[in-house]
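We have chain A already, so just place chain B with the ligands on it with the hints.
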Amino acid sequence: MFLALRELVFARGRFALMGSVVALIAILMVLLSGLSVGLVNDGVSGLKKLPVSAFSFQKGTSTDGAFSRSTVDVSVAETWRGRSGVEDAAPFGNTLVNAKTDSGVDIDLALFGVEPGSFVAPQATNGEKLSDRGTVLLGQTAEEAGVRIGDTVVVDQLETPLKVTGFLDGQHTFGHVDVGYLDLRTWQEIRAGVRQGEEVPAHVYDQVTAIALKGDGIDLAAGDEALETKSLTLEESFGASPGYSAETSTLDLIQVFLYAISALVVGAFFTVVTIQRKHEIAVLRAMGSSTGRLLRDSLAQSLILLVAASAVGVGLGVAMGAAISGAPMPFQLDFGSIGAATAGLIVLGVIGAGVAVLRITRVDPLTALGGSR
Amino acid sequence: MSAKDVPGLVLDSVTLEHGDGEEMVTALDNVSLVVEPGEFVAIVGPSGSGKSSLLAVAGALVPPTSGKVQVGGVELTGMKPKELTRLRRDHIGFVFQSGNLVPALTALDQLRLPITFGKKVEPRDPATLLKEVGMDHRADRRPHQLSGGERQRVGIARALVTRPDLLLVDEPTAALDRQRSQEIVGLLAREAHEHGVATVMVTHDHDVLHHCDRVLSMVDGILSEYVPQTVSAR
Ligand SMILES: Nc1ncnc2c1ncn2[C@@H]1O[C@H](COP(=O)(O)OP(=O)(O)OP(=O)(O)O)[C@@H](O)[C@H]1O
Ligand SMILES: [Mg+2]
Chain A
1 MFLALRELVF ARGRFALMGS VVALIAILMV LLSGLSVGLV NDGVSGLKKL
51 PVSAFSFQKG TSTDGAFSRS TVDVSVAETW RGRSGVEDAA PFGNTLVNAK
101 TDSGVDIDLA LFGVEPGSFV APQATNGEKL SDRGTVLLGQ TAEEAGVRIG
151 DTVVVDQLET PLKVTGFLDG QHTFGHVDVG YLDLRTWQEI RAGVRQGEEV
201 PAHVYDQVTA IALKGDGIDL AAGDEALETK SLTLEESFGA SPGYSAETST
251 LDLIQVFLYA ISALVVGAFF TVVTIQRKHE IAVLRAMGSS TGRLLRDSLA
301 QSLILLVAAS AVGVGLGVAM GAAISGAPMP FQLDFGSIGA ATAGLIVLGV
351 IGAGVAVLRI TRVDPLTALG GSR
Chain B
1 MSAKDVPGLV LDSVTLEHGD GEEMVTALDN VSLVVEPGEF VAIVGPSGSG
51 KSSLLAVAGA LVPPTSGKVQ VGGVELTGMK PKELTRLRRD HIGFVFQSGN
101 LVPALTALDQ LRLPITFGKK VEPRDPATLL KEVGMDHRAD RRPHQLSGGE
151 RQRVGIARAL VTRPDLLLVD EPTAALDRQR SQEIVGLLAR EAHEHGVATV
201 MVTHDHDVLH HCDRVLSMVD GILSEYVPQT VSAR
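As they're listed, the protein sequences go chains A and B.
Numbered per the UniProt record's numbering, the first sequence spans residues 1 to 373.
Numbered per the UniProt record's numbering, the second sequence spans residues 1 to 234.
Heads up, a few of these hints could be off.
[To be verified] To give an idea of the chain A side of the interface with chain B (calculated C-beta under 10 Å), a few residues:
| # | residue |
| --- | --- |
| 1 | L8 |
| 2 | F10 |
| 3 | Y259 |
| 4 | R285 |
| 5 | A286 |
| 6 | G288 |
| 7 | R293 |
| 8 | P365 |
Calculated from the structure, these hints are not laboratory results.
Glycine included, each C-beta is placed from N, C-alpha and C at the ideal position.
Isolated chain A, as found in the complex (with noise of 0.2 Å):
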């Protein structure tokens, strides 16, 4: 560490010019993650924060499309309470609707339509639950966008009022727009197309989107051979969120992008340093220095360089990502992600700058001696 430290402040002027690349590649990381985190949470957050630990939809509906189209009978779900390893099952449906509120806000909607009293039925943080019939507990970020308790929401082309009793706590999204949680005959109504005021016929109160489970052991696999439904966890279910998978996995592959290049930039950068001090090293060698203390070194300083220059350029995206978080645009800063992220830059780099000073041990102590060779 000796030569190390004295080094890095010798050649500051160097070591800060990489140092600012690797900040600049941390400050994409943490928007990146922000934008990541934003976008899951606003695909997915109303399902994350279900007690739920497995959907059961229709047989043979596609991953990507299970909540738009899958349709189970009600009755389904008693057949699974009765099997081992499930605590409870309710009916569970998901729609997205366009409505508007009577003050005049508009507003899109995922209705999730839940049996009172059931363990999907969420409570509204001003204690209200779910009635019977005709009300909506929203989502919190509804409440920003202007809605309020007492508003009317009337969905479009139905005109089926939903009167507002109370907000969630937190943010509850689902492709990326608000969840409103109604009653369940309620939604079939809405999920069947009845206009208000007509007849609504018998078996539009069978059919529900899926069966919400809930349990620890539950064998899916067996119940979907019993039941004829296909299931999925609440996991593999975010899938099903409109946008989600193709949103992650470009996002994913973004950041497997950005790894690279500060993995190949540092390696470069410490290729070059390391060529550039061979004679020297080929001196430290022949005053006996170990091949070991030298690449000890070397990445002690490939390490301080790396730590310093993604703590500034984490501290300086925390910063930007602050002032985007209140843009109306999903952006959340999650510090266990960014955390990962930073450790995940910080290691390759430190591979990368390990690849290249390899070659010291391949410096020849003996072309320290006569000046000219």
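Relative to chain A, chain B with the ligands alone:
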């Protein structure tokens, strides 16, 4: 300690060959040499005669093709690379042609550096040693801020700070004027005598030979006594 009664360097019938077959060059041809602690030996000879090769073999940088090498009483034959590195660290000092200082370090840190390489009982005090070579007024300067002679003084001090048994010096005055050359070689002689360091210096500079206790001549890999007339008649 350097005041051991074993020789600083023993070369016993050392031969060094480079390459093989038709291309084979004999850089050292059956060379034998003993340098006692405190003895200052100079080796002169034409270019390509094997002077640097002798330093490389004595400095544990290249194993000889045949023959034995002892440094500070330690036999080098059969040593592993790691052990040779440790031997160089603990028993050998190198002074290179143009100082070859580390660019990032101040004069004083150049002297501290070898001490960080590992345990060595009682290194010399860097500040005192720097004063001894007359460089204390330049302690905070880096190599690019020093003259050639100053760099060489720091290089000598750096080689001596770990109290080596053997000091190997490769053309220390190549880049210096007459006055500076005399001072540098004078310094080497003083250090060798006062601190009992067996010193071998390779040089082209015949004007500095009067500082040395013994002068040897190397021609085509063969080491012999130096006869001044032969060279001046050239
Ligand atoms: N790595 C090597 N491979 C092959 N031949 C070598 C190698 N190193 C040195 N030689 C040869 O060995 C001989 C002695 O070389 P050496 O460097 O010891 O000479 P020198 O006396 O130091 O010369 P100079 O005064 O020019 O520095 C030369 O003929 C040289 O070409
Ligand atoms: Mg030479």
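Going through the hints against the structure:
no., hint, result
1, L8, "holds (9 Å)"
2, F10, "holds (4 Å)"
3, Y259, "violated (30 Å)"
4, R285, "holds (7 Å)"
5, A286, "holds (5 Å)"
6, G288, "holds (3 Å)"
7, R293, "holds (7 Å)"
8, P365, "holds (6 Å)"
In the structure shown, a violation is registered for the earlier hint numbered 3 alone.
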